[in-house]
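Engineer: These are the residues of each chain, in order.
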Amino acid sequence: MAERGYSFSLTTFSPSGKLVQIEYALSAVAAGAPSVGIKASNGVVLATEKKQKSILYDETSVHKVEPITKHIGMVYSGMGPDYRVLLKKARKLAQQYFLVYQEPIPTAQLVQRISSVMQEYTQSGGVRPFGVSLLIAGWDDACPFLFQSDPSGAYFAWKATAMGKNYMSGKTFLEKRYNMDLEVDDAIHTAILTLKESFEGQMTEDNIEVGICTETGFRRLTTAEVKDYLAAIV
Amino acid sequence: MAAATAMRFGQQLSSGSDLSPDWSMKEVSTGTTIMAVEYDGGVVIGADSRTTTGAYIANRVTDKLTPIHDRIFCCRSGSAADTQAIADIVTYQLGFHSIELDEAPLVQTAANLFKASCYRYREELMAGIIVAGWDKRRGGQVYTVPVGGMLVRQPVSVGGSGSTYIYGYMDSNYKPNMTQEQCLHLVSGALSLAMERDGSSGGVIRLAAISESGVERQVILGNQLPKWSTV
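Protein chains in written order, with the UniProt record's numbering: chain A, 1 to 234; chain B, 1 to 231.
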């Protein structure tokens with residue numbers, strides 16, 4: 001493709017109008033571990049596969065589903081180290097907002113600000129785009145929200161979505177399964193089933209992570225709780 | 001302190017007696033009596049509710065007990081603006097710190113963050129702060145950060161302009177290992193005495209008891225204040 005010749009520089013458009021580095025970043029995301037987000041009537045569910053390369057890893061020490069504030073959490077697909085940078089930034093942005101406005105940051109505001117950061121890295125010298133797509137779940141006032149943020153800086157609000165490996169089949173699965181009246185418990189069930197579609201091997205409470213966001217706030221489910229939901233599936 | 005002396009000099013020139021009213025020239029101050037007491041299982045903190053600009057009481061129902069985190073509060077005395085600004089900044093810093101740690105923050109951490117700001121900007125600030133709360137490592141703790149920015153942990157601490165009137169009361173009535181009830185009694189009694197004598201303290205008594213189970217707040221209204229004098 002003539003594209004290839006323009007792929008070395010982030011800040012150079014290709015003849016077809018693409019920034020090829022961003023396309024490549026999206027490929028890095030699509031090659032990453034699957035993650036799923038579902039918005040229920042009374043909350044949001046985030047779930048991801050967390051396969052460790054060796055049984056010697058201490059999987060309890062590092063997490064993929066992480067809180068940003070008491071009422072917002074996120075998960076990713078793609079490059080872990082890039083995720084940690086954005087996570088730290090998001091946490092700082094949320095605190096900064098509170099310092100100025102004396103109010104917890106609305107989910108959409110946080111998403112807009114973090115996406116803005118990701119966009120900066122597509123229009124600056126000497127940097128590369130982030131190799132992650134983020135799923136951000138939040139609860140403002142009485143409403144649940146689910147957003148996706150891409151390496152390009154684009155963000156989307158979703159009712160349900162999947163990212164990472166086999167995301168297309170994940171999305172197709174969700175299209176069939178999703179309805180507006182799902183409650184958080186059903187949504188957790190559906191999210192785990194969606195992950196199972198592309199899961200190689202046995203799914204256990206140690207190789208997936210689930211987070212929920214309701215009116216009481218965001219939290220990661222304990223391994224015991226995940227085990228219970230898994231038991232309901234078999 | 002430098003700002004205060006410069007202001008007084010300027011005032012001598014323009015005030016004459018009453019060319020400008022007090023409340024347009026004096027800094028807004030939480031004149032104040034504040035205190036905090038440790039007990040086994042938590043802390044009890046208390047404050048009066050008077051904010052003054054000179055002789056005018058700008059707010060007679062002030063809340064000087066400010067939450068910094070779920071189980072960490074600070075009692076503010078000195079400049080209202082300075083202490084609010086510092087408290088907001090420490091809330092930011094501690095919130096960020098605690099979410100990164102994925103753990104409730106230590107009272108000592110909060111106290112050190114206050115100390116860091118109060119010491120670094122000691123020339124510009126007028127803030128006397130008592131940090132108190134509960135954490136799972138050391139239980140109930142009281143740390144005092146007076147003007148100047150020193151930090152020290154004390155089982156009991158009093159602060160603000162009204163505190164000078166109750167050192168004797170505290171020294172003679174505080175005993176270690178009191179219950180939460182006894183602490184609430186001690187604090188409300190002490191504050192009542194200070195509010196009686198200190199012109200910059202008054203209004204209502206605000207109390208808070210912080211323990212593992214959470215924070216319980218209460219208000220003692222003016223007509224319900226403990227009475228000491230029978231006159």
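You may find that some hints are simply not true.
[Claimed, not checked] Calculated Cβ distances over 12 Å to all of chain A for the following chain B residues:
#1 60
#2 92
#3 95
#4 229
#5 231
[As the list claims (entries may be wrong)] Calculated pairs, SDA-like style, for lysine to any residue (alpha carbon to alpha carbon, straight line, at most 20 Å):
#6 A:88 to B:93
#7 A:88 to B:103
#8 A:70 to B:165
#9 A:51 to B:213
#10 A:92 to B:213
#11 A:70 to B:89
#12 A:92 to B:99
#13 A:70 to B:149
#14 A:50 to A:223
#15 A:159 to A:180
#16 A:88 to B:94
#17 A:92 to B:88
#18 A:70 to B:104
#19 A:88 to B:213
#20 A:171 to B:57
#21 A:92 to B:102
#22 A:70 to B:213
#23 A:92 to B:95
#24 A:70 to B:180
#25 A:88 to B:102
#26 A:70 to B:31
#27 A:92 to B:101
#28 A:89 to B:213
#29 A:70 to B:60
No lab work stands behind these hints, which were simulated from the structure alone.
Beta carbons are placed, not taken as given, at the ideal position from N, Cα and C, and that holds for glycine.
Engineer: What hint numbers does the structure not satisfy?
Structural biologist: Hints 2, 3, 8, 9, 10, 13, 19, 20, 24, 26, 28 and 29 are the ones this structure does not satisfy, whereas the remaining hints hold.
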